[in-house]
Amino acid sequence: MLLVTCPHCGARPEIEFRYGGEAHIARPADPSALDDRQWAEFLYFRSNPKGVYAERWNHAHGCGRWFNALRDTASDAFLATYPAGQQRPDLGGGR
Amino acid sequence: MAQPCRLPAGGRIDRAKPLRLRFNGRDIEAYAGDSVAAALLANGVRLVGRSFKYHRPRGILSHGSDEPNALLQVDRGPGRIDPNNRATVVEAADGIAVSSQNHWPSLEHDLGAVNDLLSPVLPAGFYYKTFMWPQSFWQRVYEPKIRAAAGLGVAPHEADADRYVHRHAHCAVLVVGGGPAGLAAALAASDDGARVILADEQPEFGGTLLHDLHATIDGAPAGDWRAQALATLAARANVTLLPRTTAFGYYNHNHIALVERVGDHRARQDDRRPRERLWQVRARQVVLATGAHERPLVFADNDRPGIMLAESVRVFINRYAVAPGRRIVFATSGASAYAAAADAKAAGLDVTLVDIRAEAECGPGPAMLRARGIDVLPAHTIVGSTGRKAVTGLIVAPVDANGIVGPRRTLACDGVGMSGGWTPAVHLFSQSRGKLRYDDAIDAFVPGTPAQAERSAGAARGIYDLAACLADGWAAGGGAARDFAATPSPTGFRPVRALPTDADAKRVKAFVDFQNDVTAKDIALAVREGFESVEHVKRYTTTGMATDQGKTSNMAALGLVAEILDRPVPQVGTTTFRPPYTPVTFGTIVGSARGALFDPIRVAPLHDWAAAHGARFENVGLWRRAWHFPRPGEDMHAAVRRECRAVRESVGIFDASTLGKIEVVGRDAAEFLHRIYINAWLKLEPGRCRYGVMLKEDGFIFDDGVVARMAPDRFHVTTTTGGAARVLAHMEDYLQTEWPDLEVFLTSVSEQWAVIALQGPRARDVLAPLVEGIDLAAASFPHMAVRTGTICGVPTRLFRVSFTGELGYEINVPADYARAVWEALWARGQEFGITPYGTEAMHVLRAERGFIIVGQETDGTVTPDDVGLGGMIARAKADFVGKRSLARPDMLKPDRKQLVGLLADAPDLVLEEGAQIVADPHQPIPMTMLGHVTSSYWSDACGRAIALALVSGGRARMGQTLHVTTPTGFAPARVAAPVFFDPKGERVHG
Chain A
573 MLLVTCPHCG
583 ARPEIEFRYG
593 GEAHIARPAD
603 PSALDDRQWA
613 EFLYFRSNPK
623 GVYAERWNHA
633 HGCGRWFNAL
643 RDTASDAFLA
653 TYPAGQQRPD
663 LGGGR
Chain B
3 MAQPCRLPAG
13 GRIDRAKPLR
23 LRFNGRDIEA
33 YAGDSVAAAL
43 LANGVRLVGR
53 SFKYHRPRGI
63 LSHGSDEPNA
73 LLQVDRGPGR
83 IDPNNRATVV
93 EAADGIAVSS
103 QNHWPSLEHD
113 LGAVNDLLSP
123 VLPAGFYYKT
133 FMWPQSFWQR
143 VYEPKIRAAA
153 GLGVAPHEAD
163 ADRYVHRHAH
173 CAVLVVGGGP
183 AGLAAALAAS
193 DDGARVILAD
203 EQPEFGGTLL
213 HDLHATIDGA
223 PAGDWRAQAL
233 ATLAARANVT
243 LLPRTTAFGY
253 YNHNHIALVE
263 RVGDHRARQD
273 DRRPRERLWQ
283 VRARQVVLAT
293 GAHERPLVFA
303 DNDRPGIMLA
313 ESVRVFINRY
323 AVAPGRRIVF
333 ATSGASAYAA
343 AADAKAAGLD
353 VTLVDIRAEA
363 ECGPGPAMLR
373 ARGIDVLPAH
383 TIVGSTGRKA
393 VTGLIVAPVD
403 ANGIVGPRRT
413 LACDGVGMSG
423 GWTPAVHLFS
433 QSRGKLRYDD
443 AIDAFVPGTP
453 AQAERSAGAA
463 RGIYDLAACL
473 ADGWAAGGGA
483 ARDFAATPSP
493 TGFRPVRALP
503 TDADAKRVKA
513 FVDFQNDVTA
523 KDIALAVREG
533 FESVEHVKRY
543 TTTGMATDQG
553 KTSNMAALGL
563 VAEILDRPVP
573 QVGTTTFRPP
583 YTPVTFGTIV
593 GSARGALFDP
603 IRVAPLHDWA
613 AAHGARFENV
623 GLWRRAWHFP
633 RPGEDMHAAV
643 RRECRAVRES
653 VGIFDASTLG
663 KIEVVGRDAA
673 EFLHRIYINA
683 WLKLEPGRCR
693 YGVMLKEDGF
703 IFDDGVVARM
713 APDRFHVTTT
723 TGGAARVLAH
733 MEDYLQTEWP
743 DLEVFLTSVS
753 EQWAVIALQG
763 PRARDVLAPL
773 VEGIDLAAAS
783 FPHMAVRTGT
793 ICGVPTRLFR
803 VSFTGELGYE
813 INVPADYARA
823 VWEALWARGQ
833 EFGITPYGTE
843 AMHVLRAERG
853 FIIVGQETDG
863 TVTPDDVGLG
873 GMIARAKADF
883 VGKRSLARPD
893 MLKPDRKQLV
903 GLLADAPDLV
913 LEEGAQIVAD
923 PHQPIPMTML
933 GHVTSSYWSD
943 ACGRAIALAL
953 VSGGRARMGQ
963 TLHVTTPTGF
973 APARVAAPVF
983 FDPKGERVHG
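Just so you know, the protein sequences line up as chains A and B, in that order. Its first residue numbered 573, the first sequence is counted upward by one per residue in my numbering. Its first residue numbered 3, the second sequence is counted upward by one per residue in my numbering.
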């Protein structure tokens, strides 16, 4: 079980959290301006790297807040967790 | 004579505490401190089981958790029967009954042993080759027969009578293994007050120190050093000592799962202790001091009862004061067996030692033994054994440097101790995702780069010398570098795979994996058939796949593959170790989550009233909901018909409290809902309700429900019963991450508001006398309006809404007052024949009106237009969640499945929900399926059966006859509008 550090509450076991997929994929301001291909990419396409991955977590059974994390998908090590809305720390990886 | 093989003195057993257990119906006398294996051996029991595939007689091979043969069923009384226990780790306890497995009719006379004679037709992978066809025979004939013949124990039939508990712990350092390295690590780690947990799978800490009688550490006998170390650790408040505790899983972020055996070693389990305790430990640092496993030698008939590992012979003699035989031959390729031979001799046994290595390779061992009067035969190989249910002799032959085998001779014996070298127990390290490294000098995989905050120590990383183990453990525990003085340990061995033999290797059974009956020739066959990857060899031959996870067999199998392929071992690689290290009971995993605690049960505030009035309940998610209220003599069908009639003709009362409720409050509450739902919200006036549908971003229906605007900045949102939590999560996600600029607060109020639905033409008559502060007249309180006031003096949010198609109200009251308000309505409604109705009648009533249920008419692939709700979409809205997806080409296809009504030609035929629909029942198979029935009921109001269905291009098929599968063939049914009753929806305005 992962040990996830909520930026608001501290380190907690994984069962307190809900996973939310890849982070920093902003919902387009005007979806109608996107063609089908672009919309499909927003909706379904994810980078899925082996290595550093920015992903969303929700402290569902804690403070309830969404935040982002940098996790190495090969080792499961968390490099950083940070509140939603903050910039991704420059620790490698990235799309 | 009782305990004929018990030595007169010595051992760690307590001779003052005799105890008695039973084996296959026979009394076995033992002492406190014995393992079951030690007790059996002390009583001269050699034959303890039959092998998995060939049903060969098997005895005890080892003394610990690596035991592959001696699997016993343990019976501790009713509800306490447990199969597949290793006799070597089960502690002898007074009154337990153990029995052997996998034989018929008895252990001594097992008809399954015919498999041993049939073995030429049962090679590796025989079932892949033999039981190919007919295909249908696999499930019905082959598999059940094979399962019955090849087997382990029988699962108990009774519920487990024991209790199991879970505990979580955090520590600075977790030390796994309490041998010399582990003790040193724990001492160093706990020196400065840091929290340390030391766990060992055995009842006593000490590992090899428990049976190494002659070693000294820092000038003192090793046993004294051990006692001193344990006393020091026990005196430290920051140290937790966990004996009988196996670390079986090493997971992410230094999360270790351990099982502590709390109860089994006690004679009776009538106290309040659990049987086992699952520890989940999160450690800042982990020290793995898990030791090493001895390798058997691979030679013909190396599995006869009485042939065991050399170090295990030593353990039985020194620790349990048991003679595994009176004439013991040690067969070895390394140095450690010499210590075992010396100890066996010192115990008064007749000892011979055979070493595969040439005299010059053997070091000081032969001279040491000869000085004690032991015959040593260097440069000898083992080519077989004699005996059947117990070994009677070991067949040896000289072998020269070129592998030429000389004349055979048989060494008569009643016990053999074999040693093919040592394999570090790297299981937990491998589980932690650490990379293993092959160390040529010790012919073993050892821990390489750790993947977590972990350090292996001692024999677990291939350090076999006692002083070096202590120093390594001390360093692993964080101690400043220091030396330990200890007697040197005999270490080193020559790696041998299958021993040289003069026999045809294809004709002998030299076992590699004892538990799964895999022989050297099976491995050779697998390689010859092209399985070169060790992972493939493992799966094809099943080597290493038994419950012992190949602890004794792994290196022999790898080495053989490497030898046959003529590749270095690291190129062949090793398999990945996975949890659990040793089998774990289901009880331990489950803990207290069984029976009523298996899953939470949610009941609404009116549950007890419903139960008292004869309700039958159904599970809806975690909720228990009243399903229907049968009267004496009524079946479900009759009850539901009566309940439906009451709602249509007079008045029914229904507990809708399980609906999800979310209070949406704030300056931007309307804007927020405007973006979440497909319909428009900005202009909804306070005091009005609207039915809303929400989508996921992919355009498919996610949830629905009525939303009331209580004030300009306050909405009362309802969701489906099952959707409450996920809708709130969905809203929170968008609010926090996409639109953090919106000022909105979301609060779950599902359990705060109870909801009483009062439905039917007389609903207003029942309600009116009880309500204050609300004008119920139709003109001032129309359908889809909401009012606040009081009912029976209790504050209420009164909704005028209907999921039945009748005049109706949903009365929201604080949950604590629900029962009182319900009782008042119940009393008031008696003159109108008020009738409680359940979820089944609710389903029928809404289907008659064509109202969808999310999850029944929808399945995550259904758009609003598919279910005829396209008109709800606020076209003027630039955006809402899911809008863009609705414009994707696939969402606009005319042949999408659309919601329609279905009326079977036979009016009383209630179609099956989920039944498939085709246009032509005579078309060739596979048929083109057009859709399926989503809801189907008998409708009293319509006087016939009705159904809803999703049908490809359904709205263009009105009036067509389609064909629906039934258990007896196809039934014709006509496509109709999905509204069967009151098509204009006039009754709600009554």
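Be aware that a few hints might be false.
Claimed, not checked - Below, simulated DMTMM-like cross-link-like pairs (lysine to aspartate or glutamate); rule was C-alpha separation at most 20 Å, straight line:
no.: 1; chain 1: B; residue 1: K885; chain 2: A; residue 2: D602
no.: 2; chain 1: B; residue 1: K698; chain 2: A; residue 2: E586
no.: 3; chain 1: B; residue 1: K885; chain 2: A; residue 2: E613
no.: 4; chain 1: B; residue 1: K895; chain 2: A; residue 2: E594
no.: 5; chain 1: B; residue 1: K698; chain 2: A; residue 2: D648
Just so you know, the hints here were simulated from the structure itself, not pulled from any lab data.
Structure-based check of all given hints:
1. K885(B) / D602(A): holds, 11 Å
2. K698(B) / E586(A): Outside the cut-off at roughly 25 Å; violated.
3. K885(B) / E613(A): holds, 16 Å
4. K895(B) / E594(A): violated, 31 Å
5. K698(B) / D648(A): violated, 29 Å
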